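If you want the building blocks of each chain, they are given just below.
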Amino acid sequence: MEKKLFTIIIYTENIAGMLNQVTAEFTRRMMNIDTITASSSSIEGVHRYTISLWGEEDSVNKVTKRIEKKVDVLKADYYTDKEIFFQEVALYKLSTAKILENSEISRIIRHSNARIIEVNANYTVVEMTGSTDTVVNLYNEFVSLQCMLQFVKSGRVAVPRALHDNQADLLFNEDYKRKSVTGK
Amino acid sequence: MNKDMITGSEALLRSLINEGVDTIFGYPGGSIMPVFDALYDHRTDFRNVLVRHEQGAVHAAQGYARSSGRVGVCIVTSGPGATNTLTGISDAMLDSTPVVVIAGQVSSSVLGTDAFQEIDFVGITQPITKWSYQVRRPEDVAWAVARAFYIAGTGRPGPVVLDFTKDAQVSMVDYKPATVDSVRSYIPYPTPSSSAMAEAARLINEAERPFMLVGQGIELGEAHEELKAFVEKSGIPVARTLMGLSAFPTDHPLCVGMLGMHGNYGPNVNTNKCDLLIAVGMRFSDRVTGKLSTYAKQAKVIHIDIDHAEINKNVKVDIPIVGDCKEILAGLTTLVQPKEYVDWVKSFAEYNAIEYDKVIDKALNPTEGPLLMGEVARKVSEATANRAILVTDVGQNQMMSSRYFKFTQPHSILTSGGLGTMGYGLPAAIGAKMAVPERTVCLFTGDGGFQMNIQELGTIMEQGVAVKMILLNNNYLGNVRQWQELFFNHRYSWTPMLNPEYSLIAQGYGIPSRLVIERSELDSAIEEMLSTDGPFLLHVAVKEEDNVMPMTEPGATISDMRFE
Chain A
1 MEKKLFTIII YTENIAGMLN QVTAEFTRRM MNIDTITASS SSIEGVHRYT ISLWGEEDSV
61 NKVTKRIEKK VDVLKADYYT DKEIFFQEVA LYKLSTAKIL ENSEISRIIR HSNARIIEVN
121 ANYTVVEMTG STDTVVNLYN EFVSLQCMLQ FVKSGRVAVP RALHDNQADL LFNEDYKRKS
181 VTGK
Chain B
1001 MNKDMITGSE ALLRSLINEG VDTIFGYPGG SIMPVFDALY DHRTDFRNVL VRHEQGAVHA
1061 AQGYARSSGR VGVCIVTSGP GATNTLTGIS DAMLDSTPVV VIAGQVSSSV LGTDAFQEID
1121 FVGITQPITK WSYQVRRPED VAWAVARAFY IAGTGRPGPV VLDFTKDAQV SMVDYKPATV
1181 DSVRSYIPYP TPSSSAMAEA ARLINEAERP FMLVGQGIEL GEAHEELKAF VEKSGIPVAR
1241 TLMGLSAFPT DHPLCVGMLG MHGNYGPNVN TNKCDLLIAV GMRFSDRVTG KLSTYAKQAK
1301 VIHIDIDHAE INKNVKVDIP IVGDCKEILA GLTTLVQPKE YVDWVKSFAE YNAIEYDKVI
1361 DKALNPTEGP LLMGEVARKV SEATANRAIL VTDVGQNQMM SSRYFKFTQP HSILTSGGLG
1421 TMGYGLPAAI GAKMAVPERT VCLFTGDGGF QMNIQELGTI MEQGVAVKMI LLNNNYLGNV
1481 RQWQELFFNH RYSWTPMLNP EYSLIAQGYG IPSRLVIERS ELDSAIEEML STDGPFLLHV
1541 AVKEEDNVMP MTEPGATISD MRFE
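These protein sequences, in sequence, are chains A and B. For the first sequence, my numbering begins at 1 and goes up steadily by one. For the second sequence, my numbering begins at 1001 and goes up steadily by one.
Okay, chain B solo, but in the shape it has when bound (with noise of 0.2 Å):
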């Protein structure tokens, strides 16, 4: 034998350092154990990250990911290890997030037999995969994992996954290192069109009430720069996607709030009042638009995404541009002409102050009774001077942190904003803080999220990974109860919820943690919680019955927002 010749799984570990990838999520089982064993020998290489759940690895690889802008990596077992990723995958599916998930898989001699552990892999990712492909051969595994790395990092990322089979794992190859820079059926960056670029600047240039909507295909083109050069020179303001929060400053001049459902009241007013419509890097969710057919009807609308399938998917389009944000928005830049809109910016403002009197000044000062989720957000988010990740769970822990934190940073929210996956946010935060250990990492969750992976307390304990844990509880999974008493006549079906002794969970997992019930107490409790090194849990005891507001309710037009 070839003196140089090495098993599948050390071919595949030199492929993934070819990359640079250097953390790993991952959990040992049957068949990926010859990985695992080829791993116990780059001890150096990798930071190899043990979480106590797979659905914990894929969503620590998608806060990596987001937070850093690189492709986050998972490495599972096949069977319930590959199926326990499915929840991760689709959520980085909906959420356009690069990871890529490395899964064992039985040997290929017994594909096909009902084999332990076996499941068909390939094929139940397929939908929910930008790619998904079986190595049975160690001579595939560089061009495989070249091909993975190139397919989810690029153009509008997503994730891949790699199924495994054992045979290839144990098997010897004469490896050669492999790059993938184009795949001829898959174009990453189209070019965007002149024309449209041109026929979008004269409508900009003729538009007297234009309004800009960005989404998180700013923050994934890394084209805050240019967003801000644009903006600033057309002088048009600018509302965000719940994706999209820190893709654009919160107190810059133009910024002119949150789109959607829970966002502010003036973007949801005017967008049925401007006359041109300047989507960026967003899909037009349902959570932004409300009902479709009254939704911008008496607007001109432009499109600029990078992913083609998205043009007129739910909102009919006037001028598509189909191409990267970044180099489009530079692009129009040099073609539209400097402008300000006063009376139109001011519009914003007016409905905006409208929401504060009815909405905000209460969440964020109120004098006496229960804490509020709004509050403590707010003031978090000032104690970090603004500069933190926020990463939330899904539902009011989301939207009110979301609402009430301020970003000055880019990669700054890490939000389960598709697939809405509660148990999101604790290993996404393991994730985040892993990729960038400089920034301060605040985790918002609920008492009902939390608990959906609350056993990656024990990865933050091992790692000795420094999240600051905010857990708002009110005792509730409050959304849903929310919505119980909003349009199920106050029918709280199983939404209560008797809740553990939190202090207690921490403790044995060797974590800090502090209650708080009194408002009296939240400013010190944050400063504990934020000058503590290492891992915090601040667990906030908040208003019971309380709700995320304003609110378009499901199905109706966007700007037709309820205060209470």
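Bound conformation, chain A alone (with noise of 0.2 Å):
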């Protein structure tokens, strides 16, 4: 079967050794993460964590229900690319001399549409959204005008296109707002 980037969308409790539960059962499959993302949620109380990763769809769905069967796991999904909104967002750590020195670096930041949020002196950091390729093609455009000092890029975050998805009916589910995970 062929293999084909998933993104794996999940809703937890928030509690402690809650992240190495849903990593295992990647772990149990050799099954490689290539972005993760975890953060609070809109919900209180809930975590949301983006995962994404090549698989054979078989696996994945496999997968993402033995995720969503844990206990403490309130939703599990799996999307391709075609059926989410996805970014990145990626921070450039470049030296303040050598963009004073070429002005091609200034024009490029311009026009990817990235951020300046600080310079200084030694270096200015640039910041851009966008997708996996957009913030590469930006890093390696700077590497080529020698002018990296730092790069970092996080993992994506993702929403579903579909208006009403069961991700969504969750978060609006008067139900699991109220309830705590203590059951109280």
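Please keep in mind that the hints were generated in silico from the structure rather than gathered at the bench. These numbers come from a predicted model, not from an experiment. All C-beta atoms in this analysis are idealised placements derived from N, C-alpha and C, irrespective of residue type, glycine included. Check the hints yourself; a few may be wrong.
Once the Cα atoms are required to be at most 25 Å apart in a straight line, the calculated BS3-like pairs of lysine-lysine come out as [stated by the list, open to error]:
{"id": "1", "chain 1": "A", "residue 1": "153", "chain 2": "A", "residue 2": "4"}
{"id": "2", "chain 1": "B", "residue 1": "1313", "chain 2": "A", "residue 2": "69"}
{"id": "3", "chain 1": "B", "residue 1": "1228", "chain 2": "B", "residue 2": "1346"}
{"id": "4", "chain 1": "A", "residue 1": "65", "chain 2": "B", "residue 2": "1300"}
{"id": "5", "chain 1": "B", "residue 1": "1313", "chain 2": "A", "residue 2": "3"}
{"id": "6", "chain 1": "A", "residue 1": "75", "chain 2": "B", "residue 2": "1316"}
{"id": "7", "chain 1": "B", "residue 1": "1316", "chain 2": "A", "residue 2": "3"}
{"id": "8", "chain 1": "B", "residue 1": "1313", "chain 2": "A", "residue 2": "75"}
{"id": "9", "chain 1": "B", "residue 1": "1379", "chain 2": "B", "residue 2": "1362"}
{"id": "10", "chain 1": "A", "residue 1": "65", "chain 2": "A", "residue 2": "75"}
{"id": "11", "chain 1": "A", "residue 1": "69", "chain 2": "B", "residue 2": "1316"}
{"id": "12", "chain 1": "B", "residue 1": "1300", "chain 2": "B", "residue 2": "1339"}
{"id": "13", "chain 1": "B", "residue 1": "1297", "chain 2": "B", "residue 2": "1346"}
{"id": "14", "chain 1": "B", "residue 1": "1362", "chain 2": "B", "residue 2": "1406"}
{"id": "15", "chain 1": "A", "residue 1": "62", "chain 2": "B", "residue 2": "1300"}
{"id": "16", "chain 1": "B", "residue 1": "1313", "chain 2": "A", "residue 2": "4"}
{"id": "17", "chain 1": "A", "residue 1": "62", "chain 2": "B", "residue 2": "1316"}
{"id": "18", "chain 1": "B", "residue 1": "1291", "chain 2": "A", "residue 2": "65"}
{"id": "19", "chain 1": "A", "residue 1": "65", "chain 2": "B", "residue 2": "1316"}
{"id": "20", "chain 1": "B", "residue 1": "1406", "chain 2": "B", "residue 2": "1228"}
{"id": "21", "chain 1": "B", "residue 1": "1316", "chain 2": "A", "residue 2": "4"}
{"id": "22", "chain 1": "B", "residue 1": "1313", "chain 2": "B", "residue 2": "1291"}
{"id": "23", "chain 1": "B", "residue 1": "1297", "chain 2": "A", "residue 2": "62"}
{"id": "24", "chain 1": "A", "residue 1": "65", "chain 2": "B", "residue 2": "1313"}
{"id": "25", "chain 1": "B", "residue 1": "1313", "chain 2": "A", "residue 2": "62"}
{"id": "26", "chain 1": "B", "residue 1": "1339", "chain 2": "B", "residue 2": "1228"}
{"id": "27", "chain 1": "A", "residue 1": "62", "chain 2": "B", "residue 2": "1291"}
{"id": "28", "chain 1": "A", "residue 1": "82", "chain 2": "A", "residue 2": "62"}
Covered stretches of chain A, as calculated for chain B (at least 3 residues, CB under 8 Å) [said to hold, decoys possible]:
{"id": "29", "region": "20-26"}
{"id": "30", "region": "53-66"}
With the hints as a guide, bring both chains together as one complex.
See the structure below:
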């Protein structure tokens, strides 16, 4: 079966050890996670993980079901890139001296819709949001212009394209909002 | 201080009483001493069973749970006490057995410092439990225990671990009993889809050669009566998995035998001839399916299971029905038409007759040569009017006893199906006898597995547990030897075994025993075992190089069974 890039969106209770439980399901199958983003969600006490990885749909389907089966996992679904909007954020720490030397660098920053968030005598920090390809392309351009000091990019964040999907239904389900993890 | 304040340890025991616990399998140690100290004041509330090894504690709790349907409980210490439970916890996870393992843990102030007998027990057990939680405040005890029992015992049951820090055991708390009857992220009993039920009923009514496979889900869901009513109305033949052998009576006219690698010929052949498979509470284990790419390809498949993650896991399903099988079977019974499949049911008997001639007759009715495992199993079964609980160890003793025992009562097969844990049998039999003392509990074990937890003879001695132990001794690790004979060119690599004098071992523990070598003595020895009050070791010298047959070779098509 063909390997494709999938994005798995998971809602869990915000408790210690939860991430370990989720990632253990991938470890068991030696499936390599490409990116992972974990943070609080719009529901109090609920965490949201966005995991992207390359895999065969059958395995991704099975691993998603087993993640959802965990007692403290509220919801887990997987999506192809066509089914979601997704973005990554990147920070580029550049040499201010090089930027002053070569005007091409400033031109690229402006044309790529990147944002300068810090400038000082030593370095400049540029931020950009976009698809993986976009942020990595900009990285490659900075490298070729020899101004790169440091680069970091996040995992993806994603929302499903569908107006009503299971996950949105969950978000607006009053029962979920009301009950806390302790069931009180 | 409020005079109503109690310690976390006392809160734990009150919470266990609150859950209806009356038996605990445990072993004390440094980090659980406050709990054991509190237990000293509750000697009349609990039957606390001192096992001889923590692995024995979990298997005993499993035996207790499987025979009674209640949640089994163990209390052990941190570090090695906790790690010794891992095999049993894994076994309970694979075989869906509700147990709660409470382990001591070092004080929360020294967690992560490699303190004496500290291990990351929650981290280790997360992949092999339904829920694993560290209790580090006495205020959390009541809630955590209530949640543990709720999660272990509901839906698809399984093991739960509570890792209880020593400071939480000794700190004081204003204890209030807690109940947990829902967890928002956990749906133990999904509502079955009525459209799927209707579609399943339509397929059943249109089928010409329908075939039903039932597993332990029937036992866990207490759906024996609903299964019988469905089968008798629909007229559909039923085969059982190893784990589900007592889900349906062996001698029912529509019972066509056991599935799988060492199952019966009729059900395995007809799996690949039926036009509709109806699987209930079973998980299409590789030991049942053989080669998946040739498994029941001609048939439509209906899969009824409480666990959504089982659907399409191994076998692609046409109609999944996710929910409680008791409710689903009752619903389907009203939707299906009464039918009889005379020729189809007869075809199972015809294939089973081939197996009888080639294998069963020889296994049950030998007239000369050493005793055979099969004849011993059948004779013990019949001597208990087929009403005993069969507890098996793992290996040839397991396959022979489960093949030749007959089942008339629910909850009568206790065996390590998923993990295949040698050493499971003896402690599981102890737990079973303690849970249902009114029933006869027969352990079938081998010389290999018996010695893996042989220390539990001490528990039997101390508690006076009336377990009937049948040791089928062939001086080999028999199942591995069989595979070496068949697939490794007779190279018996470390499977012959020098055995001790078991009668002396039994004598050392004060347990009566009898060695049987001659066929003529078998009946009277079984009679002596069953009529003796208390435990008994029946040591049977069986044929050394006997094979469990028929057999589907690993990775082969399930219907391709060999008879020798």
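Hint by hint, here is what the structure shows:
no. : hint             : in the structure
1   : A:153 to A:4     : holds (21 Å)
2   : B:1313 to A:69   : holds (13 Å)
3   : B:1228 to B:1346 : holds (19 Å)
4   : A:65 to B:1300   : holds (23 Å)
5   : B:1313 to A:3    : holds (19 Å)
6   : A:75 to B:1316   : holds (23 Å)
7   : B:1316 to A:3    : holds (20 Å)
8   : B:1313 to A:75   : holds (19 Å)
9   : B:1379 to B:1362 : holds (14 Å)
10  : A:65 to A:75     : holds (9 Å)
11  : A:69 to B:1316   : holds (19 Å)
12  : B:1300 to B:1339 : holds (19 Å)
13  : B:1297 to B:1346 : holds (22 Å)
14  : B:1362 to B:1406 : holds (18 Å)
15  : A:62 to B:1300   : holds (21 Å)
16  : B:1313 to A:4    : holds (20 Å)
17  : A:62 to B:1316   : holds (12 Å)
18  : B:1291 to A:65   : holds (24 Å)
19  : A:65 to B:1316   : holds (15 Å)
20  : B:1406 to B:1228 : holds (17 Å)
21  : B:1316 to A:4    : holds (21 Å)
22  : B:1313 to B:1291 : holds (14 Å)
23  : B:1297 to A:62   : holds (21 Å)
24  : A:65 to B:1313   : holds (10 Å)
25  : B:1313 to A:62   : holds (7 Å)
26  : B:1339 to B:1228 : holds (14 Å)
27  : A:62 to B:1291   : holds (19 Å)
28  : A:82 to A:62     : holds (20 Å)
29  : 20-26            : holds (count 3)
30  : 53-66            : holds (count 4)
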